[in-house]
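K.L.:
Chain order of the listed sequences is A and B.
The opening position of the first sequence corresponds to residue 1 in our numbering, with each subsequent residue numbered one higher.
The opening position of the second sequence corresponds to residue 1 in our numbering, with each subsequent residue numbered one higher.
Hints listed in this document are in silico derivations from the structure and should not be mistaken for laboratory results.
Quick caveat: nothing in here was measured; it's all calculated off a predicted structure.
Be a bit skeptical, because a hint or two may be false.
Said to hold, decoys possible - Here are a few chain A residues that face chain B, going by a calculated C-beta distance under 8 Å:
{"id": "1", "residue": "Val30"}
{"id": "2", "residue": "Gly47"}
{"id": "3", "residue": "Leu53"}
{"id": "4", "residue": "Asn54"}
{"id": "5", "residue": "Val56"}
{"id": "6", "residue": "Thr62"}
{"id": "7", "residue": "Trp67"}
{"id": "8", "residue": "Thr70"}
{"id": "9", "residue": "Asn87"}
{"id": "10", "residue": "Leu89"}
{"id": "11", "residue": "Leu236"}
{"id": "12", "residue": "Tyr328"}
What the hints assert, rightly or not - Quick list of in silico lysine to any residue cross-link-like pairs, SDA-like style, CA-CA up to 20 Å:
{"id": "13", "chain 1": "A", "residue 1": "Lys85", "chain 2": "B", "residue 2": "Lys300"}
{"id": "14", "chain 1": "B", "residue 1": "Lys71", "chain 2": "A", "residue 2": "Gln322"}
{"id": "15", "chain 1": "A", "residue 1": "Lys85", "chain 2": "B", "residue 2": "Thr68"}
{"id": "16", "chain 1": "B", "residue 1": "Lys85", "chain 2": "A", "residue 2": "Gln322"}
{"id": "17", "chain 1": "B", "residue 1": "Lys66", "chain 2": "A", "residue 2": "Tyr143"}
{"id": "18", "chain 1": "B", "residue 1": "Lys296", "chain 2": "A", "residue 2": "Asp91"}
{"id": "19", "chain 1": "B", "residue 1": "Lys299", "chain 2": "A", "residue 2": "Asp16"}
{"id": "20", "chain 1": "A", "residue 1": "Lys66", "chain 2": "B", "residue 2": "Thr75"}
{"id": "21", "chain 1": "B", "residue 1": "Lys300", "chain 2": "A", "residue 2": "Arg21"}
{"id": "22", "chain 1": "B", "residue 1": "Lys324", "chain 2": "A", "residue 2": "Asp91"}
Each residue gets a CB set at the ideal place from its N, CA and C atoms; glycine is no exception.
Number of protein chains: 2
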Amino acid sequence: MTNTGQSDLVVPPSPDGPPTRVLSIASHVVSGYVGNTVATFVMQLLGLEVCSLNTVQFSNHTGYGKWTGTKIPSTEIDALYEGLKNNELADFDMLATGYVPGAEGLEAVGRIAKDLKESGGGESGTRFFWVLDPVMGDSGKLYVSETVIPIYKGLLPLADLITPNQYEVEWLTGIKLTSPADVSNALSKFHADFKTPHIIISSVQSLVNKNEYVCFGSSMTTTGKPRAFSIAVPMLQGPFVGTGDMFASLLVSRFRHAAADAGLLETPNWMSSDSVIATELPLARAAEMVLASMDKVLKKTGIERDKKVKSLDEGDHGNNAQLKRARYMRAAELRLVSCVEEIRSPVVKYTAKEFKNGVLQA
Amino acid sequence: MTNTGQSDLVVPPSPDGPPTRVLSIASHVVSGYVGNTVATFVMQLLGLEVCSLNTVQFSNHTGYGKWTGTKIPSTEIDALYEGLKNNELADFDMLATGYVPGAEGLEAVGRIAKDLKESGGGESGTRFFWVLDPVMGDSGKLYVSETVIPIYKGLLPLADLITPNQYEVEWLTGIKLTSPADVSNALSKFHADFKTPHIIISSVQSLVNKNEYVCFGSSMTTTGKPRAFSIAVPMLQGPFVGTGDMFASLLVSRFRHAAADAGLLETPNWMSSDSVIATELPLARAAEMVLASMDKVLKKTGIERDKKVKSLDEGDHGNNAQLKRARYMRAAELRLVSCVEEIRSPVVKYTAKEFKNGVLQA
Chain A
1 MTNTGQSDLV VPPSPDGPPT RVLSIASHVV SGYVGNTVAT FVMQLLGLEV CSLNTVQFSN
61 HTGYGKWTGT KIPSTEIDAL YEGLKNNELA DFDMLATGYV PGAEGLEAVG RIAKDLKESG
121 GGESGTRFFW VLDPVMGDSG KLYVSETVIP IYKGLLPLAD LITPNQYEVE WLTGIKLTSP
181 ADVSNALSKF HADFKTPHII ISSVQSLVNK NEYVCFGSSM TTTGKPRAFS IAVPMLQGPF
241 VGTGDMFASL LVSRFRHAAA DAGLLETPNW MSSDSVIATE LPLARAAEMV LASMDKVLKK
301 TGIERDKKVK SLDEGDHGNN AQLKRARYMR AAELRLVSCV EEIRSPVVKY TAKEFKNGVL
361 QA
Chain B
1 MTNTGQSDLV VPPSPDGPPT RVLSIASHVV SGYVGNTVAT FVMQLLGLEV CSLNTVQFSN
61 HTGYGKWTGT KIPSTEIDAL YEGLKNNELA DFDMLATGYV PGAEGLEAVG RIAKDLKESG
121 GGESGTRFFW VLDPVMGDSG KLYVSETVIP IYKGLLPLAD LITPNQYEVE WLTGIKLTSP
181 ADVSNALSKF HADFKTPHII ISSVQSLVNK NEYVCFGSSM TTTGKPRAFS IAVPMLQGPF
241 VGTGDMFASL LVSRFRHAAA DAGLLETPNW MSSDSVIATE LPLARAAEMV LASMDKVLKK
301 TGIERDKKVK SLDEGDHGNN AQLKRARYMR AAELRLVSCV EEIRSPVVKY TAKEFKNGVL
361 QA
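If we strip away everything but chain A, and leave its shape as in the complex, we get:
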């Protein structure tokens, strides 16, 4: 298949990408979509062999207010990994980690990451790569204990790509994001202080236009300088749940594909040479694909949620505040299984622009 030069005749790439074996450590809920119930399906749809290690099994996510189920002890995380190693099943190309309950669990994840980093990579011969989503909180609310934060800071230098949200950036860098210049400083700080090769801040409420949000990313140069880009996306009316998990798992898949296309899978940290400009980075290519899928899935979710919410608004919930909360929570669950094509073959609509010296391009 050749690119004919006519963009409308370009054959779309296979949604499956290169052979990839990924260990995904996150939570599991029986009903609904957060953590591994999002990540597993999304990454499988994009061709990754996903090994899901579930840190909890809950009936539903905690936003419902009530739930049942248990966290697994950190010793069990260690044991499951040992079981994989004993059978030579721990030859992972990638590690993806999301919400981990508590300091001990996070330390167990850190031990696994170190061990995988040392063992070097998977059967495919490509460099081991860790995508760390430092799940700590959102919208001004911390949902892990403060004791977890120094552990995350200790782990950041091991990660190849991190995907903090605005709030998590503020906790990790100490920089409050009130202007594009602040974002620029935070990206520089991650590269400088934690040697983080790749960073994506999935969504910052736009500091320019209130009807959009901006995704920022940067892959550092050999001298540790940022190569930053921004992608502006129209704001969709929330509430949504599990969007951070969907973003991270799409990014794991799309960055793997983009790095393969650029021939970088055997390069340490999949780092592009310094001659590659920000908007040509595999990370920028990947983020564009991720945001294209996000936009489609969230639009579908929003339409169906609003229909449901309308009938809930008209309904009678008696005096049961808990049940009322649960009904609205359920209405907002991601619509994933009806979005197979949107996840596998999205059309890019929002493209990356260079983000230099803290100045956002219109």
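Based on the hints, put chain B in the right spot on chain A.
P.N.:
Frame of chain A; chain B shown alone:
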């Protein structure tokens, strides 16, 4: 979209089917494909909202000889279901159950099935439907305790569709399958003794042609008589693992779609009227689709397994028999994530024939 009558112009049906919420109770392994790691992905690909309740979390399946992880206690199965009920999340259209470790766990599953049967069905207003895969053993080997068998016999009258293999049929009916007439008797016995509306025996080593295996199915009439069909499929060289789980989860999805196409979802047990002949049953349509996908996935799995096995045969395993066993086991894992299209849009190759009076049609 209209059927033009020219078969090469027929627009393929959507792979997604009607809105369906299914509770899938089975085991989970971090690496590889058995139980819910097969069922969840397969059913999601076919448009079902899958709520996966994992009865165990193991590092890998037990065929490797060594594994780590734990079974969840039966009280935890009860608790997770209670958590769903408390949030009105237990409004399932379907229940799919596979391997359940031990008698107490199976009793917990029975309680859930009874409760769902009484509550009647999901939000979509369709009849609740239970697909019970009575996982007890295979190829002459029981892998549950014998105490489980009377519990299964007690649960069969609650199930709408059961999917036993040859060995499980023999345990449940007491009839040894040595001729087509024996199969016919076993199908009749399930309908008569357990009032099971629909039965599929996924694979019986052909009693006629050694190069094929035969899938048998029957949906009973209002008078409890079988309407049986058979589908002969060329034998593929094993070993395979997880095929029973793949068959059952494809069937859950395809029978839902076929029953919807026939307008039967609000009919008790999705039962076709007595005028429908065996080869026109929704169950026959579903089984044809299931076997088409199975054939494609198993062929791909077999080719990649054989390549891997060849290099293992030439390799050195030292004196480590356990590691050798693990390597061959891994080589035989199902190739699922590279088979999205084969699962969503298979082309039917093997069609159902009437199976009457114990006589197999050529």
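K.L.:
It remains to establish, for every hint, whether it holds in the given structure.
P.N.:
Hint-by-hint comparison with the structure:
no., hint, in the structure
1, Val30, "holds (5 Å)"
2, Gly47, "holds (6 Å)"
3, Leu53, "holds (5 Å)"
4, Asn54, "holds (6 Å)"
5, Val56, "violated (11 Å)"
6, Thr62, "violated (11 Å)"
7, Trp67, "holds (5 Å)"
8, Thr70, "holds (7 Å)"
9, Asn87, "holds (4 Å)"
10, Leu89, "holds (4 Å)"
11, Leu236, "violated (22 Å)"
12, Tyr328, "violated (11 Å)"
13, A/Lys85 <-> B/Lys300, "violated (27 Å)"
14, B/Lys71 <-> A/Gln322, "violated (31 Å)"
15, A/Lys85 <-> B/Thr68, "holds (10 Å)"
16, B/Lys85 <-> A/Gln322, "holds (13 Å)"
17, B/Lys66 <-> A/Tyr143, "violated (37 Å)"
18, B/Lys296 <-> A/Asp91, "violated (27 Å)"
19, B/Lys299 <-> A/Asp16, "holds (19 Å)"
20, A/Lys66 <-> B/Thr75, "holds (18 Å)"
21, B/Lys300 <-> A/Arg21, "holds (18 Å)"
22, B/Lys324 <-> A/Asp91, "holds (16 Å)"
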